[in-house]
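Asker: What follows is each chain in one-letter form.
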Amino acid sequence: MAIGALMRSLLPVAAVVAAIISVWYALAVQMNSDWALDRAGQNGIELSFGALVKNTMSQDRPLLPAPHQVAVELWETTVEKKITSKRSLVHHGLITLSATVFGFAIGTALGILLAVGIIHSRAMNMSIMPWAIASQAVPILALAPMIIVVLYSIGVSGLLPKATISAYLSFFPVVVGMVSGFRSPDPMQFDLLKTYAANPWQAFWKLRVPASMPYLFTSLKVGIAASLVGAIVGELPTGAVAGLGARLLAGSYYGQTIQIWSALISAATLAALLVGSIGIAQRLTLRRMGMLR
Amino acid sequence: MTFIIGALAFWIGAWWANVVLSARPATLTVRIAVPILFGITVLVVWEGLVRGLDVPGVILPPPTAIAAAFARSLDILWVDFVQTVLKGALSGYAIGCGSAILTAILIDRSQFLTRGLLPVGNFLAALPIVGTAPIFVMWFGFGWQSKAAVVVAIVFFPMLVNMVQGLASTEPMQRDMMKTYNASYWQTLLKLRLHAAMPFAFNGLKICTTFALIGAIVAEFFGSPIYGMGFRISTEVGRLALDVVWAEIAVAALAGSLFYGLVALSEKRVTFWHPSNRT
Chain A
1 MAIGALMRSL
11 LPVAAVVAAI
21 ISVWYALAVQ
31 MNSDWALDRA
41 GQNGIELSFG
51 ALVKNTMSQD
61 RPLLPAPHQV
71 AVELWETTVE
81 KKITSKRSLV
91 HHGLITLSAT
101 VFGFAIGTAL
111 GILLAVGIIH
121 SRAMNMSIMP
131 WAIASQAVPI
141 LALAPMIIVV
151 LYSIGVSGLL
161 PKATISAYLS
171 FFPVVVGMVS
181 GFRSPDPMQF
191 DLLKTYAANP
201 WQAFWKLRVP
211 ASMPYLFTSL
221 KVGIAASLVG
231 AIVGELPTGA
241 VAGLGARLLA
251 GSYYGQTIQI
261 WSALISAATL
271 AALLVGSIGI
281 AQRLTLRRMG
291 MLR
Chain B
1 MTFIIGALAF
11 WIGAWWANVV
21 LSARPATLTV
31 RIAVPILFGI
41 TVLVVWEGLV
51 RGLDVPGVIL
61 PPPTAIAAAF
71 ARSLDILWVD
81 FVQTVLKGAL
91 SGYAIGCGSA
101 ILTAILIDRS
111 QFLTRGLLPV
121 GNFLAALPIV
131 GTAPIFVMWF
141 GFGWQSKAAV
151 VVAIVFFPML
161 VNMVQGLAST
171 EPMQRDMMKT
181 YNASYWQTLL
191 KLRLHAAMPF
201 AFNGLKICTT
211 FALIGAIVAE
221 FFGSPIYGMG
231 FRISTEVGRL
241 ALDVVWAEIA
251 VAALAGSLFY
261 GLVALSEKRV
271 TFWHPSNRT
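Read top to bottom, the protein sequences are chains A and B.
Under this note's numbering, think of the first position of the first sequence as 1, with each following residue one higher.
Under this note's numbering, think of the first position of the second sequence as 1, with each following residue one higher.
It should be emphasised that the hints constitute simulated quantities derived from the structure, not laboratory data.
Here the structure is a predicted model, which means the values were calculated and not measured.
Every residue, glycine too, gets a C-beta built ideally from N, C-alpha and C.
You may find that some hints are simply not true.
[Claimed, not checked] So the derived list for chain A, only partly shown, Cβ under 7 Å to chain B, looks like this:
1) A142
2) L228
3) I232
4) S252
[Stated by the list, open to error] Pairs of lysine-lysine, DSS-like flavour, derived with a Cα cap of 30 Å:
5) B:K191 x B:K206
6) B:K87 x B:K206
7) B:K268 x B:K206
8) B:K191 x B:K87
9) B:K206 x A:K221
10) B:K268 x A:K221
Using the sequences provided together with the hints, build the complete structure.
Answerer: Written out as structure tokens, the structure is:
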């Protein structure tokens, strides 16, 4: 039964992934063949179809690298390189990860604090909430290059500028999510606490905080994905020093497409790991609290 | 010093006014006046502190300088706006969301495809897809086409996931009723399921407005012609002309709010029947 259910959900996903990979291969052959034919024409060689396909799979700077080329590059730059090496993707990934997590922690903490202020002060609620909601429609990421340069010019460099961008991006989703989370208990439940003569402090810790947990994890998932994007974009204007964003930029400067794709896939893996670990924390916490069957 | 004291005095005065105002019944005027007063306070405190503490313009220009830069470079800002928002973001948004909606309708006919594409789509929607920007710039050149392509890649999966959910959101009772009317697939789709999908579709469309602008701006960091909002931001930051950068960010904020507002407005028009719109 369990195997049947697993097959039912796994098989379609596997089919879709296989379809994506085969389309990728087909595109790689198609997009890279121009260059291969050009070279062959210059050298006066007639390429058979088999030779052409083989050529498109093994170019140094293909327009679209074939999946296995990216996989080989990923293997070489993660497993076979030392972590301390400048070419190791683990090294760059860790730099991006630290900025992401650091910024995410700051942004989340500040966001929760502001949400606490907002639910307890009517004036704060009415002045700040419309702006917090409106800020979701604004491309805040456009601020990234300026934050980096300004912080650099007052002597702050390294991790902190990137973390600032990450914090900024994860801040607003957390504020908006937590305000609705803290407000999610029924009026009836607040009334019950009042009949127990509970003070606001007790109502906050015993009712509002537990009730806000599902909202917290939902906004954390949005926040951490935004933080990662922030950290990657924050690495662009530093002149391609280190981090996954710097790998992307350096790759695009020098036409190293395989490097771009492997950096991209590491970023994707990192995002999946971060969102996934929050998902696991969510399941564990909610099950422990009896909110999940 | 007078600037700092003035700014702080204004802050305290405005805060007190807001506390008094918000204690009164929340009429429409109060609900609009309070956030606007707060916004003005932020600008006044910003202006006062920057002038009072002599913060150099290369770190944080005061709002008046930004407004002056805005007025001074209206023509540049307009060219950038056309390039990035109208050509890059809007065309990509239309293509991406449109094709996602069509794809959702197509795969919705097959249980197998839906079950396969939905987890993959959910996974891809959470990825940092702006990272594809250098690839698209390489493929489609420096013009607005590469920006539109990035935007298509960013908006496609969030939109697809929302639309597929929306198409699945009809109730069995409603579908049964269509069956008793002997409605065909297309009739059911046009008269019931597309309408039921609209709240979900607009949820996706609203999220994607921000994504589209972000994609178009960030893609310009990887290469662009000598105009465009992302190009302007990165080069003016390099020249330390921060007042122009802030003016450009103000344009981005205005464009984002306007774009979101328009989509939200059409949502109100289209989904007038939805409980959240009934008062």
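Asker: For each hint, tell me whether it holds in the structure or not.
Answerer: Cross-check of the supplied hints:
1. A142: Since the shortest Cβ distance to chain B is 5 Å, the answer is holds.
2. L228: OK, holds: L228 of chain A within 7 Å of chain B, min 6 Å.
3. I232: 6 Å, holds
4. S252: At about 3 Å, which falls below the 7 Å cut-off, the nearest Cβ of chain B leaves the hint on S252 of chain A intact, so it holds.
5. B:K191 x B:K206: 23 Å, holds
6. B:K87 x B:K206: 19 Å, holds
7. B:K268 x B:K206: Distance of about 12 Å is within 30 Å: holds.
8. B:K191 x B:K87: 34 Å, violated
9. B:K206 x A:K221: With Cα atoms ~19 Å apart, K206 of chain B and K221 of chain A stay inside 30 Å; holds.
10. B:K268 x A:K221: 28 Å, holds
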